[in-house]
Each structure stands twice: as C-alpha cells, then as structure tokens.
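Student: Sequence:
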Amino acid sequence: MVVLLAALLIALNALWDAYGLMTGQMRPSTVSLFVNVVATIFVIAVLNEFSRRFFRCALSPDILLFLTVSLSVASAVFGLDLLQPLLSVIAHPVWFAGQGNDWDVTILPYLPKLPIVWDKDALRGFYTGLATFERWDVLKGWMPALLWWGAFLLLLGFAMLSLCLLFLRDWTERARLSYPIAQIPLELLTPRLPLLRQKVFWAGFSLAAFMNLLNGLHFLYPNIPSMGGWLFDLSPFFPNLPLSAIGWTPITLLPFGVGLGFLMPVDLTLSCWVFYLVWKAERVLAAMTGWWGLPRFPYAEEQQFGAYACWALLALMPKLSAGVQALKRVRVQECKRAGVRENFRETADQQPATANSLTKQFVPSDENLAALGFLTCFVGLIALCVWQGMSWWLAKMFFAGYFLIAIGITRIRAQLGSPVHDLHFAGPDRMLLFVFGSKNLSKRDLCFLTIFGGFNRAYRGHPMPHMLEGMWMAKRLRDTGQGARGTEKRQLANLLNSRLAASASLWGWLLGYTLGVWALLRASFRFGGRPWYGMEVFRQLDTYLHAPTSFGLASLVAILLGGVQTALLATLHNRFNFPLHPAGFVVSGSWSMNLFWVSLFVAWLLKASLIRWGGLAMHRQTMPFFMGLVVGDYLMGSFWSLWGCWQKRPAYNFLP
5 MVVLLAALLI ALNALWDAYG LMTGQMRPST VSLFVNVVAT IFVIAVLNEF SRRFFRCALS
65 PDILLFLTVS LSVASAVFGL DLLQPLLSVI AHPVWFAGQG NDWDVTILPY LPKLPIVWDK
125 DALRGFYTGL ATFERWDVLK GWMPALLWWG AFLLLLGFAM LSLCLLFLRD WTERARLSYP
185 IAQIPLELLT PRLPLLRQKV FWAGFSLAAF MNLLNGLHFL YPNIPSMGGW LFDLSPFFPN
245 LPLSAIGWTP ITLLPFGVGL GFLMPVDLTL SCWVFYLVWK AERVLAAMTG WWGLPRFPYA
305 EEQQFGAYAC WALLALMPKL SAGVQALKRV RVQECKRAGV RENFRETADQ QPATANSLTK
365 QFVPSDENLA ALGFLTCFVG LIALCVWQGM SWWLAKMFFA GYFLIAIGIT RIRAQLGSPV
425 HDLHFAGPDR MLLFVFGSKN LSKRDLCFLT IFGGFNRAYR GHPMPHMLEG MWMAKRLRDT
485 GQGARGTEKR QLANLLNSRL AASASLWGWL LGYTLGVWAL LRASFRFGGR PWYGMEVFRQ
545 LDTYLHAPTS FGLASLVAIL LGGVQTALLA TLHNRFNFPL HPAGFVVSGS WSMNLFWVSL
605 FVAWLLKASL IRWGGLAMHR QTMPFFMGLV VGDYLMGSFW SLWGCWQKRP AYNFLP
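Numbering of the sequence shown is given in this note's numbering, commencing with residue 5 and proceeding in unit increments.
Take these hints with a grain of salt, some might be off.
Dumping the calculated DSS-like pairs for lysine-lysine here, alpha-carbon to alpha-carbon at most 25 Å [to be verified]:
1. Lys400 to Lys117
2. Lys117 to Lys443
3. Lys117 to Lys447
4. Lys144 to Lys124
5. Lys400 to Lys447
6. Lys400 to Lys124
7. Lys323 to Lys443
8. Lys443 to Lys400
9. Lys284 to Lys323
Label pairs and their calculated CB-CB ranges [said to hold, decoys possible]:
10. Gly154 to Arg530: 18 to 26 Å
11. Leu317 to Thr380: 20 to 28 Å
12. Arg60 to Gly154: 17 to 25 Å
13. Leu238 to Thr380: 48 to 56 Å
14. Val568 to Pro243: 18 to 26 Å
15. Ala155 to Pro243: 32 to 40 Å
By construction, these hints were calculated from the structure, which means they are not laboratory data.
The C-beta atom is built at its ideal place from N, Cα and C for all residues, glycine as well.
Go ahead and model the full structure; you've got the sequences and the hints to work with.
Tutor: Dropping the structure here:
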C-alpha cells in the first residue's frame, strides 16, 4: 500500500516537473533541498496531523519517512541533471544528423548501438510535439535505449546505495555529522509537528510567502511593486580590463537562501562568500598579469574537480585506515593458524591490543556486504560500457571520477549542508577529454564521453546525498521514539530503519526512472522536446572531431592544484583553527554560487551576530524563523509553478 502511495506521489511530481520544463517554470531540483519534496511533504504532514487530531487516524512516521525518501530520490532521478538532459542527448544525434552537418559520416557510425534512439520516425513526435508516444511504433523505437539505460542507471543507483550503507555508521554515529539540509524534512516528519506550533516559525513563513506572492503578482502585473526577486549585475560597472574580468556577478537576496545558509555552520557560510570573492579576484589577477588570454584560464572547472576529488579522498581516509587495520588482523590470524609463533609474536607486538575490537568496529558484516555490492556494480557498469565498445581503461577512470564526486558531494551535504553543489561542466567526462585530448581517444570513446554528458552536465540534484540523509532521518526518528531504551534494542531499531530508508531509496530510484521517463516523454510529445541539452554536447563533439586537441598538461596541473589547495586548507582548518573551511573552496567556484553568495553573506552575518550577542540559546530560539523562510518561500513558489503549468504560461520563478 505504501509503495502505491509513493508511486502516486512520484507520478504527480514527475508530471509537475516535466510540464514545468515545457512551460518555463522554476526547476525544483536546482538547490540541495528540493522544492517539490518540501512542498509535498508539508501538505501531507499537515493533513496527517489534521486527521490525527479530528479523526484519530494518521500515517505513521515510518510511512512518512518512506514517502519522503522515495520522493527525494525519484525527484533526483527525473530531475534537472539526470533524466531531463539524458533523454535529450540520446535522441539528438539521429534526428539532427544531416541538417547542415556531416554527422552521418563523422558521428553516427561511431555511436554505440543500444544507448541511442535510432528510429527517426519514433523521434518525430518528440521534437515536433502535438503527438502521443503511447503507440507501439514509437515505443518500439525507444525501448532498446530505455532498457539499456534502465539497467545502467539501476547499477549506478545500487552502487550509490551501497556507498551510503558503507559510510552510514562512520559518518552518523562516529563522526556525528549534523546533516543540516535534512533538518527541515526531519521536522516535518516528527510526530505532532512541534515546528509548526512555534509562532516564530510562522513569522518567517509569512514573511517569505508574502514576498514571493508580491513578486509573483509583479511578474503578472508590473504596476504592482515587488520585494526583491530580481538580479542586479555588477559587471556593467566595470567595462574595462582588468576589472571586467570578474564576469557575471549578480546581487540578489533569496529568503530561502538565507534560511538554508542559517542552517549551515558559521565557518562554512563565511568560507563560501569569501572564496567566491577570491575566485573573482583570481580572474582579475589573471587579466592583470596577461594570463587571461589562455583558453579557459584560470581553469576553474579543473580546479573544482580536483577539489571535490581531494575532499572525497579525505572523507575516505578513516575507512581506508580501518581496512588496513582489518588486513593486518587477518594476517595475524593466518600466522597464528599456521603455527608460525615467531612471526605471529612480531606482528602482534606491532598490532594494538584492541585490534579485534577495531576490526569489529570498522568492518562489520553489513559493511562488507555493502563494499561487495559496490564493487559488483562498479564492475557491472564497466562491463555494460565495454560491451557497447568503450575502452575498459577509460570506463574505469570515468566511473572512479564519478563516484569520487558523488562521495565528495554527499560528505559536504552531510557535514556542512551547502545549498548548492552544481559543478557545471566539470564532470569526469569533460576532465578526461581535457587531460587526454581528443587526438588520443578513439571516436567511439569520444562518443561515449559525449553521451555521458547527459547525466554529468551538473550535479545540483545528485541522488546519493538524499539516500544517506534518508538513513540519517530514520535513525533520528527512531532515537526520538525510543527514549532511553537499551543499547542493543536501539542498534537493532537503527538497523531496521536504515533498511527501511534503503528500501525507500531503491523504490524511489525504480519509480523515478519509469514514471520519470513516462512523464518526460508525455510532456515532450505534447509540447515538443527541448533540444538544447543534446545540442550542447554534440556540438562540442563535432568541434573536437574537426579541431582535435592534444594532451592537456595545463588541465592536469589545474586538477592537481585544486586538490593541493583543498588538502592544505583542510590541514590549516583542522590543526591550526584556520577560520576558512576547505568545503567553502570546494563549492564556491561553480556557477550556482553566483546566485547565493549574497544570501550566504547575510546568513553568516545574522548567525554570527546572534551567537556573539545572544549565545546558543538565542540561536536555537531563532532557528524556526529561518526554517519558516525556507518553507514559506518553497510553498508559494510551488503555487506559482503549478499555476503556470495549469495556465501553460511562464510564472514567477523564485529560483533564479
């Protein structure tokens, strides 16, 4: 029953997102905390509390948790940075080949067979619109590609879920990470909704909702005044070099951005806007010194990739250390069984007395199964790609880079709660191309990297953090309901709830793919598909085929430089209390930080002032106000989006 309810919610949200794409509405998966998920769960939670109070029947917290986690994961799958660009990419080359280009000769012969839609008649309605895809001739043309990508994404989802199970105990119980992004969904899942009983929450809710309502009315009727809601660009004030090198530098104050920033630690909000200005200063310095003429200088994408990879490796260090300890313990036991007393005595002297406890603590059986599951999925992904003609070494490097980014994003979300982590055009598909150069890769490999751009364009709505945050919320809900029960019972309950969250993630992934494909194809065949995602990557491929590039030493150096800077900042922050956090450097160089740096500055100023002058007590008392800013902005923004979908016209977009 709960799966059917989750399927209904996912189908409605998939239609909302797909029709919003076609009619020019806001994109709910642009930010870390998805707009549609908060709006949907808020309505369900309020109705559930109303039913409990007046009809004495209500959904249990476990059911609400299942709905929240499955909807979050599904929204990431059918959202802005996965299925939406992917469907455009796999449909693009066959339809546009021969239209003023020579793709029939230069690209189509080298494309893999299964990941691409080859039936041009099946693509006609996708691009022309005013058609329906619920016909056998259309489904037959799309089905091979959809099945291949279904298997591919299923392995990808299982691998992410395995990583979450692998890191859950370390990051949740030992490191005690705070998961700031998940605080608002957790409050909406808490029985009796204590957050909604606080007047300060409704004060923030009313302020943000009123501002959003006024801005929406101003969008429709310009004679009505607005309260913000627009971008003020600083770059026109600096028309000449070197200051013109700062590029697009918007100033905008987003109520929900201030609210999300207030949930973050003070040092991260400080680091985000400071490092954003550092990135701008780096561009100005490059223009002053003459380096600005180099292509893509200062190689911000490469530095960002290196920073994320280094951040992920730093997060993996405790787990790798535990694995080394486990291997040493196995060696000791083997020596003991073999009767090599002298070797055993020498090894045991080097091994701490608590080796057995360390092994049990860090490598329990569930984590072994999770590690095995990840390795199986990793090999399966490589096999799928090699089967279609990709070089095995390139596939291995691609997926290694992809999962490093996934781990880095998940760790940032769990520890620091950054509102954005987009990494535009800085995925492993582009980095491999920048470093090796198109001259040194086969045309089939270039085609694979181009197709993989469909789910690596950006990482704003990455699914893996939502899986781990669901497991953390399950643990918190269980701890709240258990009170002071015994440790063994609490551990058993946590295990059961983590498995409930894992099950919700899996169902969310499966339903998100199937219902997301259905909703996107339905909307595309009605309104006409959006070709720009496919156009973006295949025009780049066409450029590299006609103007091949060689080995990119500068790109490799920039990647290493980004990693070194992150490691240095981590050392300074952890050992010498340096005020700037390395995660701020990691997330601040990408495109989305342009929209949030002012909001994060305001959030840092307010939070630091409250803690300085009012103490932690004042901080806790004002926290519901900033949660209200987020929920109020999200709900009113959702109203305008649904209204625009109903009217089939653009409405006010509070997510710039």
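Student: Hint by hint, say whether it matches the structure.
Tutor: Hint-by-hint comparison with the structure:
At roughly 21 Å between alpha-carbon atoms, Lys400 and Lys117 fall within 25 Å of each other, so this suggested pair holds. Note on Lys117 and Lys443: the hinted pairing holds, with a Cα-Cα distance of about 23 Å set against a maximum of 25 Å. At most 25 Å may separate the alpha-carbon atoms for a hinted pair to count; Lys117 and Lys447 meet this at roughly 14 Å. Taken as a hint, the Lys144 and Lys124 pair is honoured in the structure, with Cα atoms around 12 Å apart against an allowance of 25 Å.
Of the supplied pair hints, the one linking Lys400 and Lys447 holds, its CA atoms being roughly 18 Å apart against a limit of 25 Å. Among the hinted pairs, Lys400 with Lys124 is inconsistent with the structure: their alpha-carbon atoms are about 32 Å apart, more than 25 Å. Proposed proximity of Lys323 and Lys443 is contradicted: the alpha carbons are some 38 Å apart, above 25 Å. A distance of roughly 20 Å separates the Cα atoms of Lys443 and Lys400; the hinted pair therefore holds under the 25 Å criterion.
With a C-alpha separation of about 36 Å, the suggested pair Lys284 and Lys323 falls outside the 25 Å cut-off, and the hint is violated. Between Gly154 and Arg530 the beta carbons are some 23 Å apart, a value that agrees with the proposed interval 18 to 26 Å. Checked against the hint of 20 to 28 Å, the pair Leu317 and Thr380 passes, with Cβ atoms roughly 23 Å apart. As the Cβ distance of Arg60 to Gly154 is approximately 43 Å, the hint placing it in 17 to 25 Å is violated.
At roughly 51 Å, the beta carbons of Leu238 and Thr380 sit within the given window of 48 to 56 Å. Separated by about 35 Å at the C-beta atoms, Val568 and Pro243 break the suggested range of 18 to 26 Å. Checked against the hint of 32 to 40 Å, the pair Ala155 and Pro243 fails, with Cβ atoms roughly 53 Å apart.
Violation of the numbered hints given earlier is confined to hints 6, 7, 9, 12, 14 and 15; the remaining hints are satisfied by the structure.
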